[in-house]
Amino acid sequence: MKALTPAETLLKELGVTEAQDIDLEAIAWCLGARVKYRPLDGCEARIAGSGDQAIITVSSRCSHRRRRFSLAHELGHWKYHRGRLLVCRADEIGRAGSNYPEAERVANNYAAQLLMPGYLLAPRLLAHPKLNFQTVRSIAEAFDTSRTATAIRLVEAGHAPSLLICHGMDGRKWFTRSPGVPERWFPQDTLDPESFAFQVLHGQAPEDAVPRLVGADAWFDRSEAGKYEVREQTIRIGPDRILTMVLIRDDEMLDEWNTSYQTRRR
Amino acid sequence: MTGKPTSDREALRRLADALADDVLNTSDQEVLAEAAEEYGDTKQLAANMRALFERTCAAAGKAKLAAARAALNGDRRRAPSRRRLDPSAARRLLQQVLTAHPETAQKLTYAARRGEGLSDEDVFSMLDDLEELGVIPCDPQEPLS
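Note that the protein sequences, when read in sequence, are chains A and B.
All residue numbers in the first sequence are consecutive under this note's numbering, ending with 266.
All residue numbers in the second sequence are consecutive under this note's numbering, ending with 145.
Just so you know, these hints were derived from the structure itself, not from any lab.
Ideal Cβ placement from N, Cα and C applies to all residues, glycine included.
To give an idea of the interface, some chain A residues facing chain B are shown, with a C-beta separation under 10 Å as derived from the structure: (1) 16; (2) 23; (3) 25; (4) 26; (5) 28; (6) 40; (7) 42; (8) 46; (9) 48; (10) 50; (11) 51.
Simulated pairs of lysine to aspartate or glutamate, DMTMM-like, Cα-Cα distance not exceeding 25 Å: (12) 79(A) x 13(A); (13) 79(A) x 128(B); (14) 36(A) x 86(B); (15) 173(A) x 194(A).
Computed, partial: chain A to chain B, Cβ under 7 Å: (16) 13; (17) 14; (18) 15; (19) 29; (20) 30; (21) 38; (22) 41; (23) 53; (24) 55.
Construct the entire structure; sequences and hints are all you get.
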């Protein structure tokens, strides 16, 4: 049995047995934190703490699900960075990748576990064996979470070997990969015109209804990529921003190789 | 100690202690044998007891969460406070607070530490929060702690 994370332990202690029981404001109250919603200009959320009391302020300008993630993110700060005044920008909350502050990554991971605890997520995923944005949408509905946060959670939970990549008009914003995907599969900085995602971002192509087969070299700038095919599915998450799921089905792509790529390491 | 119970409650406490001592002084094998004689499958008994324990904990947790929801619903009825300062004075006060509490401001972004990127409304509401938390006094004449 997998050990519970601190966020999951808290939910268990509070008797949370269904996704709809995750009342973040009440959870915050139990932890000594009061929640306010008001227009914020310089940040998306912040927490001011003193002793065992805190006030969390979340921007009222964001969508309901975005506000939920921001609140869960600030509760992550309350768990791990207590007693500080933290101001969190929109680009630090609810993203993946590693090139942003460690404290924000810790808070994002905590938020993901608090909103979509493994012990409630796993049974639901049994009904969705395939990873795609249809699954993401269904899980997001159940847990009242955004598609982006849900997609990150499912990819990082290793539901299927995959990468999740966010692009803007000026290139890749961030990406994450599931645990079983070797690090040599590093997505290109800019979208390849051969990818379906390119047309969604730069053209007028609609979102992909289902994952579509494409050469892996449309996503990875490696010579061996020419041998493989992957499936990709893209959705729009903002006016100039897309989210693409790249699904790996070929077992050879999942083999670990050493840095010279000549010796296989199993 | 005379050994004579001083009240019914004291008598019950001693009885409970004696029963607990009796259980603690019994070997694991004897306890298992007694339980098997009384209840049959001891593994099933343990599973049932564990499930009962988990249900009880969950019920207590749900009650705590429901009480928190009720408390915060009540709390929302309070009128919000608002600091009446001119914006530049508010920014100076925020700077003073952050200087007086460097550990509090430790993780503020550089821009936010200097008050940049924060609107006047952001500064006012941040001061409100700090006042509510007791980091700054309600009385503007009172010095910062």
